[in-house]
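Chains as they are written, first to last, in the working numbering: chain Y, 1 to 137; chain E, 1 to 185.
A couple of the hints might just be wrong.
Pairs of lysine-lysine residues, derived as DSS-like cross-links and limited to a Cα-Cα distance of at most 30 Å, are as follows [to be verified]:
hint, chain 1, residue 1, chain 2, residue 2
1, Y, K133, E, K58
2, E, K54, Y, K133
3, Y, K2, E, K54
4, Y, K5, Y, K73
Among chain E residues calculated to face chain Y with C-beta under 7 Å, some are [claimed, not checked]:
hint, residue
5, G13
6, D61
7, L89
No lab work stands behind these hints, which were simulated from the structure alone. Think of the CB as a built atom: it goes at the ideal place given N, C-alpha and C, for glycine as much as any other residue.
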Amino acid sequence: MKNIKFLLLGIFFAIVLSKSQAISWFRFYEMFRFQSFHMFGIIGGAVVISAIFMQLFKRGIIKDIHGNIITPKKKEKGVVRTLVGGTFFGIGWGISGACAGPIFVILGFKFLPALILLISALFGAFIYGLLSKKLPN
Amino acid sequence: MDFIFEPFAWFVGGPLIALSLVLYFYFGKNFGTSTDFETLCTLAGAGKFSDYFKKDWKERDFGLMFAIGLVIGGIIASNFLIPDQTVDLNPKTIQELTEIGFKNVANQYFPDEIFSNEAVFSLKGFLILVFSGLLIGFGTRYAGGCTSGHAITGLSSLQFPSLLAVIGFFIGGIIAAWFIIPTIF
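Same shape as in the complex, but just chain Y:
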């Protein structure tokens, strides 16, 4: 089972998000109302520390388990796709208080609503797949 480490990492990540309240609807609402530092501290802190590691990856000081240089995938460019896609995602996130990872975690807390969110999100991804060639970048 070469993928068991990803299963364990998923369990760890879910516990971290849950214990940090980074899956709570109220915490995200509070964040989008700019009424608390908590979520900004979590996301900002994660970004700053990750940025340090990204430099260590880039310089080859930390290599992956197979000894390869770690290079994050280049994100696709495009002003429309990132801004419009991002805004759609943000509206869904702001209303439901769930982004992609937490939807899976919330299944363990509130099964039925999270399942409806997940199935709808899969439909959303499916609709994107159908339209992907016709949408502006």
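Given chain Y's structure and the hints, the job is docking chain E onto it.
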């Protein structure tokens, strides 16, 4: 031992999220959760409708294992690690939500107005979840990532498209929290 039942402060949660990202990359894969939506679509047979989904899901099986881990972790956390789901919310946020009709604000992680069985089985509650889910799934794939892929991986590796996507996330989140939520409740 009581500390395991206490919530993590931001300066504990942030670094542990970074550690998760570092391990994901160390294991040889690109960190990001929303790609798993596409893999699940492929697994559900979406390849019959669009070439976009004609991929070998086995090449992304690590992501599915991660997603299963997220569900198991959620079950463990909700049952054993968080005896008290009270959120130490800004009193102003509590007051504003109470004014628009939310009850028991911040006494638990998820508001009954959206997540209770009563809400889920009402037409309005059901539509709220479906509408949000569709936007999350469509938006994240169009934008090319979600909070983990863009906000954390993309920003920390200094990628400009991720900055635009995160600006989009906040435009959307602000529209939701300032206009949509007060209108629909």
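Results for each hint:
1. Taking the CA atoms of Y:K133 and E:K58, the gap is about 24 Å. The hint holds against a cut of 30 Å.
2. Distance restraint check for E:K54 and Y:K133: the Cα-Cα separation of roughly 15 Å lies within the 30 Å cut-off, and the hinted pair is therefore satisfied.
3. Restraint check: the Cα-Cα separation between Y:K2 and E:K54 comes to about 24 Å, which is no more than 30 Å; the hinted pair holds.
4. Of the pairs offered as hints, the one joining Y:K5 and Y:K73 holds, with about 21 Å between alpha carbons and a cut-off of 30 Å not exceeded.
5. Given hint, E:G13 at the interface with chain Y, holds; its Cβ is 3 Å from that chain's nearest Cβ, closer than 7 Å.
6. A distance limit of 7 Å between C-beta atoms decides the matter here; for E:D61 the minimum to chain Y is near 6 Å, and the interface restraint holds.
7. Annotation: interface hint on E:L89 holds; nearest CB of chain Y at approximately 5 Å, less than 7 Å.
Of the numbered hints listed earlier, not one is contradicted by the structure.
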